[in-house]
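Engineer: As given, the protein sequences belong to chains S and P, one line each in that order. Note that the numbering used here numbers the first sequence so that position 330 is 330, with each residue one more than the last. Note that the numbering used here numbers the second sequence so that position 425 is 425, with each residue one more than the last.
Check before you lean on any hint, since a few could be wrong.
Just so you know, same-sequence chains aren't split out, so a pair can sit in one copy or run between any two.
With a straight-line Cα cutoff of 30 Å, these simulated BS3-like cross-link-like pairs (lysine-lysine) come out [claimed, not checked]: (1) 317 with 61; (2) 61 with 319; (3) 514 with 132; (4) 514 with 673; (5) 61 with 673; (6) 191 with 319; (7) 61 with 270; (8) 514 with 191; (9) 312 with 132; (10) 535 with 191; (11) 656 with 317; (12) 132 with 270; (13) 317 with 673; (14) 191 with 270; (15) 61 with 312.
Treat the hints as calculated values from the structure; they're not laboratory data. The structure displayed is predicted, hence computed values, not measured ones.
Protein chains: 2
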Amino acid sequence: MLPRRRPRALGAALLLLLLLLLLGFFLFDGRLRGAAALDGDPLGGQGGHNRSDCGPQLPPKCELLHVAIVCAGHNSSREVITLVKSMLFYRKNPLHLHLVTDAVARNILETLFHTWMVPAVRVSFYDAEELKPQVSWIPNKHYSGLYGLMKLVLPGALPPDLARVIVLDTDVTFASDIAELWALFAHFSDKQVIGLVENQSDWYLGNLWKNHRPWPALGRGFNTGVILLQLDRLRRAGWEQMWRLTASRELLTLPATSLADQDIFNAVIKEHPGLVQPLPCIWNVQLSDHTLAERCYSEASDLKVIHWNSPKKLRVKNKHVEFFRNFYLTFMEYDGNLLRRELFGCPGQPLPGAEQRALAQLDEEDACFEFRQQQLTVHRVHITFLPHEPPPHRPHDVTLVTQLSMDRLQMLEALCRHWPGPMSLALYLTDAEAQQFLRFVEASPVLSARQDVAYHVVYREGPLYPINQLRNVALAQALTPYVFLSDIDFLPAYSLYDSLRASIEQLGLGGRRKAALVVPAFETLHYRFSFPTSKAELLALLDAGALHTFRYHEWPRGHAPTDYTRWREAEAPYRVQWAADYEPYVVVPRDCPRYDPRFVGFGWNKVAHIVELDAQEYELLVLPEAFTIHLPHAPSLDISRFRSSPTYRDCLQALKDEFHQDLSRHYGAAALKYLTALQQPGSPA
Amino acid sequence: MLPRRRPRALGAALLLLLLLLLLGFFLFDGRLRGAAALDGDPLGGQGGHNRSDCGPQLPPKCELLHVAIVCAGHNSSREVITLVKSMLFYRKNPLHLHLVTDAVARNILETLFHTWMVPAVRVSFYDAEELKPQVSWIPNKHYSGLYGLMKLVLPGALPPDLARVIVLDTDVTFASDIAELWALFAHFSDKQVIGLVENQSDWYLGNLWKNHRPWPALGRGFNTGVILLQLDRLRRAGWEQMWRLTASRELLTLPATSLADQDIFNAVIKEHPGLVQPLPCIWNVQLSDHTLAERCYSEASDLKVIHWNSPKKLRVKNKHVEFFRNFYLTFMEYDGNLLRRELFGCPGQPLPGAEQRALAQLDEEDACFEFRQQQLTVHRVHITFLPHEPPPHRPHDVTLVTQLSMDRLQMLEALCRHWPGPMSLALYLTDAEAQQFLRFVEASPVLSARQDVAYHVVYREGPLYPINQLRNVALAQALTPYVFLSDIDFLPAYSLYDSLRASIEQLGLGGRRKAALVVPAFETLHYRFSFPTSKAELLALLDAGALHTFRYHEWPRGHAPTDYTRWREAEAPYRVQWAADYEPYVVVPRDCPRYDPRFVGFGWNKVAHIVELDAQEYELLVLPEAFTIHLPHAPSLDISRFRSSPTYRDCLQALKDEFHQDLSRHYGAAALKYLTALQQPGSPA
């Protein structure tokens, strides 16, 4: 009867309707994407529906995704990290980064990724030098120089068994999971080999100005800041010959490429439109000065990738730049340590390192937990954070080595005035502070004038200041044969740099004798005073009570062996003997023993190093003209905690005991004197 | 012919196959979600496919989503901000937050959201006091106290025209766009009114220990940290009677609720299983001590919401807590200013405020751009960041008012020792620093013992220290009739708090006379010295040259009018006259003029305030026994910049000129004396 049949009929009808709708949806979706760029609609089909991104199925959980980036020099190495952070923040798949780098970038990024220890991220390096010959014949006017052009040779440069890769410029930022981008490979027809987003400016339409003659392109052309490359097909299709032919032919009539690889990619595509799979505009929102990107992002409910395709980068002028700047800052200032997140349920992740295992076994209730934790923490290290020129090789040259955190930044200018030679400085900063530091240096004529100061950022992690780990980073990066091991709250005599090099030569340090040159340390308790320009002036101030020998009031043992009385009269270097708690500031060969990283926070960190020098039979020679002066400052948080907390003192005592056990293990009976010396009471330096 | 027909036939077959697959996919998806929690599978159907979340279509771009949160007290007000940040980070829709708060939370969150100015976010407050009677009859043992129970009465408390709302606990964190959660409303059958995730522990199975008798629940029961409420249907279904009946009946046999509202929700659902729509487990990943959540997140390739449903919060012990902590820290330390992002293409967004418009019009090339920018910046303000007890009303009580940034944190303990009275402190911090500050206070017995110190966090933004804006925040939050306007690098005499209250009473300050009491300022250039316990001792140190009158060496004008010579002998308060550049530290009634916010960074910020006091005819009375002493510290970045940069000085001059123009506008001829006084040369204080 009807009542019964109606629902059935109705159901069937509805079902059919649903099916047709779904079918339509899918076909329509494909078309739209296919058509996107060609019909000049820069939206690339970004309706609301794209937002839930049901077009392609995402790649299976744990599938490895490949990304290639060309990166050269100090600044690009800094920029690319923001890209990497944004990618890691949203990613849920294992990643393999293929980095084409020059020597500088490789040195920086190898150290960074090695210390970053992000699970499920592999990094391979490829030498840009080797690729240069393949592109250096192309005249090019773009700010990316030769390096931009290297994107053309990736199919040959990357491993032959690598079938697909996402190629990114260093100036893009992700706002979504890169797996969604990878999923777009599924849209490629068998003929398509390159996925690109349409160029969001009128550049390739030509006539932007009189005699503006861009390279040939389809309509607005495509932007190569984000590329999906089907490497296997490109190789089979003879890509190398293809782009070389096109490029050389165009270069008969055009003087040079204006936009590097992008001009050539577009010229090739103009010739072979079938090669390109246009991608939705949201995968490369371009923020150059005259961008048309707003047509893309104001319609789309979602942005996937932002591209700062202007030499001005964040200073580019466009209506919504504030919005995009904020988005970029999110990852620029993002604490990279937080990206050390494992991918749950993905196999083949590297086993945790020794430190991590030890860390996991620590007892949070242990009174010295903070110390143990800090000692085991592996800090992310970004060496030569700013452009730096290695000093020319000079046999007796000395690098000033020290470390600091944000609250001592003000010392840098004064230090530069007092020390005209090379410096290697470790800075203990958060990611956000590193950016403030960058702006601080840019704003300072004194600092930005110096190319011989190397700044190494060690990223903050943990409750205590890892002073000796920082010193070791700065020490390891010193490039001269000798180093002056100083602290940031000291200013050396103006003449020290020159006089040290003279002394090193005269004494034949390193070569003939194994010695540490002691630079006598003084302090002023006044925070305004005029720095003595000679030993005579210094002695006068000393007699006037305006200066004191360092920590004369609360810890004379620390420098007593320097024998200040003898120093007053001394005209030649004189030898002194080690004594308990001695912690002078010394000049030593670069290959000197490292600092003991177990000493974190305040206390005994230098003392232990001098013990090590003595144990290795370094002579201690005090220099008659050299001096350095400590300036007053509010006590650091660490020293305040030390003064207020008995636990802190107890833990430090425990560290000292362990240190001495290790000493006797290394040096046997010879180390006995340090143990006995320790018996005498005395608060740690 | 065949060759022609085959493809067609093939195509048709493929098409049909596709359609069936799709159909299957959609139906399956729905089923799975529907079945999820009931069949005891805590995954709630989280296969790979859930990742691209194609089940429901996301809500249309720009649709307004509603969220309700119950929040009370200082700590929850701090925690909820992390939740809000995570929600705002991923959201792409306008949001309306419905906050049920006590007086404390409302005060804090009203100020916060007012100063946060996030586009496309509306906030409504509902008074928890009014709702208490409806739930206070229920005996409850859960740490959330009465407030947890208030989730039960939301259908009645929220506006009657509000049909759907997402209810969240303050201890959840989003890892995805809340619109995806909102989209799950689409799965509700007409009977279903509550969406919940299964409880990820065995609590409701009972027998966790001897005599463990939980409230009744379906299987493992549901967790109420994340709730989808179909308010309109709940109201129609007579929800109020429903839960009250069940609760009172259960309370006949059970002593009290152990898990607050959650016990009652589960009891009701046990009775009416049809009411609940089980949600996928990833929408409420529960991290209590004995959680079974791993079964959820190790299979799912994506997490949507994390729930710290343990009183231990981040200290909870479970295998992957590090991972979740990192995720939580991401938003705890996230710079909230970056969330002031507009939603492109959504109508009805509030027009930018006067400041924003002015900011937009600033010329980045203007030499004083940084000053202008800083003056116009509206800072996010989080008042009473830590638990605080308002001081009891005392007619002559004084609050010490000052401001600081991270580099002066060490001063706080000393300040607490010197000032036993109430304090109102503005701290200029980043979001990350605010968390360090929290840990710093928790670690300090001195600081955590004080309930009468109110800490107000003003979030960093811009290049210059907004000193007067900070002072105004601290001043506005002072709750005593009088305030002592100090700076963080000063320590007051131990007796000052008591002696001030005595003087205020004797002089009948405020009531009979309008006066500012001057506290003479001194300084030590030594950073180690013993603080004088009396005027006599102070004078002795002064004569010994261990102390000086404040800035005697480089800027005597700043305090000359205090007349230190007279002060030596003085035994009674004496009146002094204003003079150019005078900037004493004063005690005034709370309703005194505010500081001029145009003075940012270093220079003239206090001077202008004293001028204002004089212009409003405050008597200046110097107190004979009172004193405060400045401790030395490394110069701040701002003062260093001032000394080094002529532009900085020029801009400051410009500010001073504008200030005087405004003065004459306000006070007419009377203001003339300030202008003429300015003619005399003198570097700014």
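Engineer: Of the numbered hints stated previously, which ones are contradicted by the structure, given in increasing order?
Structural biologist: 3, 5, 6, 7, 8, 10, 11, 13, 15
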